[in-house]
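Turn these sequences into a full structure, and let the hints guide you.
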Amino acid sequence: MINAAGIFVKYGDRVLLNKVDLSISPGESIGLVGRNGAGKSTLLKILAKENAPHAGNVAYPKEATIGFLHQDLEIPKDKTVREEAASAFKEIQDLENRLDEITKILETTTDYESESYFKLLEEMDDINTRLGLLGSSDQDAAIEKILKGLGFKQEDFDKSIGTFSGGWQMRVILAQMLLQVPDYLLLDEPTNHLDIESIVWLESYLKTYKGAIIVISHDKQFLDQVTKRTIEVEMGKIHDYKYPYSRYLVEREERMGKIEAAYENQQKLIAQREKTINRFMAKATKTKMAQSMKKQLDKIERIELDVRDDRAMKIQFQPAPRSGQVTIEGKGIIKNYGKKEVLQKIDFQIERGQRIAFVGQNGMGKSTLAKILVNEIQATGGEIIPGHNLKIGYYAQDQSEAMVGSETVLETIENQANEKTRPIVRKILGAFMFSGEDVEKKVSVLSGGERARLALACLLLEPVNLLVLDEPTNHLDIPAKNVLKEAINNYDGALIVVSHDRDFLEGLTHNILEFRNKQTFTHIGDINDFLEKRAVENMRELEKTDKKKVVVETKKEVDHDAIHSTKKKIKNLENKIEKTEKEIEKLELEMADPSFYQSADSNKKIESLKQKKADLDQYTEQWEEEVEKLESLES
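The working numbering puts the first residue of the sequence shown at 3, with every later residue one more than the last.
It is worth saying that the hints were derived from the structure and are not from the lab.
Treat the hints loosely; a few may be bogus.
Keeping only pairs whose Cα atoms sit at most 30 Å apart, straight-line, the calculated DSBU-like set for lysine-lysine is [stated by the list, open to error]: (1) K47 x K212; (2) K316 x K342; (3) K81 x K444; (4) K161 x K347; (5) K520 x K230; (6) K296 x K277; (7) K316 x K422.
Predicted model only: the values in this text are computed from it and were never measured.
Rendered as structure tokens:
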């Protein structure tokens, strides 16, 4: 168990962590949450032995191993992907060498009663236990499983790490860390550089991870899937909840409500007692009683209300100037980087008010097409046709990092404002939580979240009718993401958003444009519709590979009875799927009510929901099999 006691961190006049205590047991899965700048990453670095607190200490179990993934890791560029991943097994190699040494010593030992003999046996047992945990016998299979799960293809394994983008390089380090299987796995924003499919894989992997996990993430669904305990860092304190993120939100509000009610009741009691004391003090015969009552009142343990940071951005995009029916169009777009072809004859059309999400694995061309649309880069071939009165607002993935560090917050936005908007830049900055002396801060000292807020503030300077947002939620905390999502939902222009954040994308767009194998594929609906469809498609591919297909020889007569029976089965399964989907929707609506978890049968309904989802998967799989069988029979 890791035990942190009295952790105190102070920067200037600001106390970041005020004598906090924390214990982490083996095998726990913990989400570390809080506003940008609250101290989450600082606390994680202290737990990882990267930083030392100004006061307090952290005690670790003997020989406990720690893996720490953060955004500032030094990544070796000259090794191949496979070599760097395989370096995770250095511990295994060292352990196996030590095991050989102990075996040779034991073979020549004759004193079976000595203390040294028993210590060697104990060490051998510990090594074998550790090797069993690390899975020493299947290193190549483990490397392949982890790398492919994180999105690498077989042909990528022997490429130099330096040939990949920064996001893919971070994946190599994450793979290495997962292969090491540390006792305590500390992850600071692990999903920032992952696409949706890799995030889903990582969730599944971490659910069965044997060590302890402490993760900082602004992805609500990721936290709900991976963690079972939530630690909130706020205003120098920590609050510990034995629940995943969504349940923590409910419990947090209930806890604050109870504290506020208790505080108000105590304040009424104190006021009443003080009134009585003052009245008695005025009477000589009751002075002694009044003094006694005052002593009792002074001994009451006063309830203190937690100071909460409830500040929030206030975003409102200007009304979109009216554009043509077709806002922008692309014909035969090709993009090559040297010999590498990224996009191959892409056609698309964005109509007025249309909302589209670009999704797909990293490196498939999402950001590339976004940059071509806004004229940041030129296509190798094809044509971009802007619609009538097109006005584009663009948030680049690296926009916050590309700012001039020597400029102040105020100078940054003033340099992008025009004569009309320059007089109101301070008002805009105030809406983005930059007020007073904050506007004189240099960009170089801003946190990632503060830079992201400043970049968004600059985006509001001009009215636009096509908003192109490339990973706008990176570095934003969850409250800030919610505010941004609400503002986008209220925006009346066309929208293109590149994002891997499922919760942010949910309900935000009408269409999904999937990037795969240099092509794009359009899907109707939002991200949840897309993921459900992809899950069915993946299941179909699995069935094609792993299951024997129903084969009907063309020379034989058509089996009308078999066709009729199969159609009947398909209809029954469709009815079951429809019914189960409605039951799931009903249960999920009930669970959205904060009072749901207080009901006596809440646990029963949660289990029922799990079962119905499992039933739905089974019915869907059976339906796919019967449809494929019908196609074979009819052909």
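Outcome of the hint check:
1. K47 x K212: Between K47 and K212 the Cα gap is close to 22 Å, so the pair holds against 30 Å.
2. K316 x K342: violated (43 Å)
3. K81 x K444: Measuring from Cα to Cα gives roughly 37 Å; hence the hint is violated.
4. K161 x K347: The given pair, whose Cα atoms are some 27 Å apart, holds under the 30 Å limit.
5. K520 x K230: The hint is violated at about 39 Å.
6. K296 x K277: Holds, at about 11 Å.
7. K316 x K422: Roughly 20 Å between the alpha carbons, so the hint for K316 and K422 holds.
Hints 2, 3, 5 from the list above are not met by this structure, while the remaining hints are.
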